[in-house]
Amino acid sequence: MARINSAAELEELRKDILSKRDPDQPWIAVCAGAGCLCLGNDRVISAFEEEIRKQSLEAKVGLRATGCHGFCEKGPIVVIYPEETCYLEVTPEDVPEIIAQTVIEKKVIDRLVYTDPNSGEKATHLSEIPFYRHQTRFLIGNNPKINPKSIDDYLAIGGYSALAKALFEMSPEQVLAEIKKADLRGRGGGGFPAGLKWETARKAPGEEKYVIVNAHEGEPGAFMDRALFTGNPHSVLEGLIIGAYAIGSHQGFIYTRHDTPQLRENIDIALAQAKEYGLLGENILGSGFNFNVEVHLDIGIFVSGESSALMRSIEGKAPEPRPKYIRTSVSGIWEKPSNLNNVETWANVPQIINKGSAWYGSIGTERSKGTKLISLSGKICNTGVVEVPMGTPLREIVYGIGGGIPNGKKLKAVHFGGPMGGSLPESLIDTPLDFDALAKLGAPMGAGAMLVMDEDTCMVDIARYFLDFLTGESCGKCVPCREGIRQMLKIITKITKGKGKEGDIELLEELAGAAREAALCALGRSAPNPFLSTLKYFRDEYEAHIKEKRCPALSCKELSASEGAKKNG
Amino acid sequence: MGEIIIQIDGREVAAREGMTILEAAQSAGIAIPTLCHHEKLEPYGACRICTVEIENRGRTRLVAACLYSVEKDLVVRTRSEKVDKIRKMILELLLAHAPDARELQGLAKEYGADKDRFEKESSFCILCGLCVRYCAEVKKKNAVGFVDRGTRREISFIPEIASKECWNCKECFPLCPTEALQAAYVFTEALISSSPSFELESEE
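So the sequence lines, in the order shown, correspond to chains A and B. At position 357 of the first sequence (counting the first as 1) the number is 357 in this note's numbering, and the numbers step up by one without a gap. Throughout, this note's numbering is defined as the position within the second sequence, counted from one, plus 569.
Please keep in mind that the hints were generated in silico from the structure rather than gathered at the bench. Be careful, since some hints might not be right.
Partner residues are not named here, just some residues of chain A that face chain B (Cβ under 8 Å, in silico) [to be verified]:
1. W334
2. K336
3. T471
4. S474
5. I485
6. A512
7. L520
8. A522
We put the beta carbon where it would ideally sit given N, CA and C, even for glycine.
Using the sequences and the accompanying hints, generate a full structural model.
Put into structure tokens, the structure is as follows:
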């Protein structure tokens, strides 16, 4: 790999890569995302390798182990290009037939394509499957097309052209203005305008400034950042470098989890390749701009994702939110201006620079622009990673993409944002996916984990579950959070066991109020959210548990038993 | 350092730039309760008992007085219905762990906190971190630290350091807002459990 020294050389290299690729040549994309790997896709990949070797097809057929395709429910997934034939639930035994029939003979194997469970209709191509058809996959859609370990694959789909444009055709101020105009809002949970944050860091006094990727995806039911970053690491890295240029930073950090080795490996490879090509390091693309990136791993606690705790962790200290009323964009890591954005936020940057803020602003709602990645899970037919334009009604996500609720059950609620988020009842299912609309209803979008619940779900138990999660994931430093969570969990657990008493709801509300108003960090202040939202929309369930010792969903074991006995009796 | 005039409980108070609300109030003889604060230590902001209500640029909110720096036109209320309610709750939560701590009992009387509101879980420690931070910041020994997290967080002496450093120091003991002897107890326990010779002696 030779170093690239100018924008022109980058385009030459791109042409060179593309010239060696025949668009008509068949190639196979096997999903190697976390979900498909769990389902045994590593064996499918090996089977393809073996079959290709056996038939001496190495020169004629390409094979790529790619990042997550999104349709986790139906994994292992295999897509055969150029036709984009999509096979689901593939086993190693299917592989020789796929090679013989589909790759060579161009015939479709009927039993491996998607069949609509209601109409029985088949969908052969990826884009025809309802799960994909109703999405707008600007970010995650590239995953099936590239090998995340190959920078050439990323260059082949236009990668790093936004970086070249920013470095050679735009001033840092112009890049910043473009991001501000696009109204890109932070995807990590707060929805804070990224451009304003960048501007604060840019204007903050001091020569040394840092930019950071928050890849500490920790909430239960969130797996979209991992899918995007593992599957397309360069898209995040490109966004980070552009951001560093706009802010005036020469040192970046990627903060991620210690327990996602596949992501770590792909990040390390991406950094090394970018460095070799001169897209990272000194004098990037010959522009004179210098920028380096270091990777830091967490110690495995949810609060590490809180911005100031994350920065303390990078400093080598315990990940506790710091006790200061000053923004990290002004004073963060080692008290230097530090701009932290989430994986998905950074990944949005290259397309905004390439296509412009006007294009970006045309997607979404008044105050929530672009697309949003959603981790769809729970009681839903199609679990997976979903990308839709902001403003998409939740109904479309649950039914159009998610395929509705399995086993003929009724939808009861959707929960956003994990342990710091809230639940919305079925009656609000036409609410648009929008930062402000959801926050107003008490179910802030968070990072985009969307948990679907059916009629068998007990909402009191949901609140209990998230509090239980937090007991070990808060740092335990401040009293309203640590002790508030402890007591709220005790009271709610008693309620689910039929030992609730008059006044419990009021006491829970008081505890929730103290945590919301007086806790040190965002985790503590939002820890009561699941309780507050379930109380808001499902107060009758709390009352049934307390007053009638009854679980309306028949989910709480100690209460359902007596209910069942009553029914049978 | 410039002087800033702020208002605390209706009184005009002159403060130096960079001072916290707590320092400004103390300099004017206005009391704000604290549990985890110590003038020799870095602000910590864990107990939240010093929560006060502030008003600035038309916004009212609650902040920790030990952390929030004074700023021009700041209006501070050290007591209000909201503030008192939060302090009462914090005390009740802490009294579940250290019901006999005199400092907590005194404050409980002031704020009408009920020491029996929550089920007792007597650990005696309220995790104010005074001992931990004093040892780290003033003595620079790190003989005592926090272990575990969330609701399982506790303090623990590090036997290898404590057995060398603590006998002639023990300066953290009187800092404990709940029970000075408690620190000694945890300390001794750490030494016993880590010392095989100690166990042998007790078996004999």
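These are the hints, each one checked on the structure:
Residue-level restraint check for W334 (chain A) is violated (minimum Cβ-Cβ distance to chain B is 15 Å; threshold 8 Å). At its closest, the beta carbon of K336 (chain A) sits 19 Å from a beta carbon of chain B; the interface hint therefore is violated under the 8 Å criterion. A least Cβ separation of about 4 Å between T471 (chain A) and chain B falls short of the 8 Å threshold, and the interface hint therefore holds. Proximity of S474 (chain A) to chain B holds as hinted, the smallest CB-CB distance being about 5 Å (cut-off 8 Å).
Satisfaction of the interface hint for I485 (chain A) is found here, the shortest Cβ-Cβ separation to chain B being roughly 6 Å, below the 8 Å cut-off. Hint on A512 (chain A) is violated. Least Cβ distance to chain B is approximately 11 Å, over the 8 Å limit. Interface restraint check for L520 (chain A): the shortest CB-CB distance to chain B comes to about 6 Å, inside 8 Å, so the restraint holds. Interface hint status for A522 (chain A): violated, as the beta-carbon distance to the closest one in chain B is roughly 14 Å, over 8 Å.
Comparing the model with each numbered hint stated earlier shows that hints 1, 2, 6, 8 do not hold.
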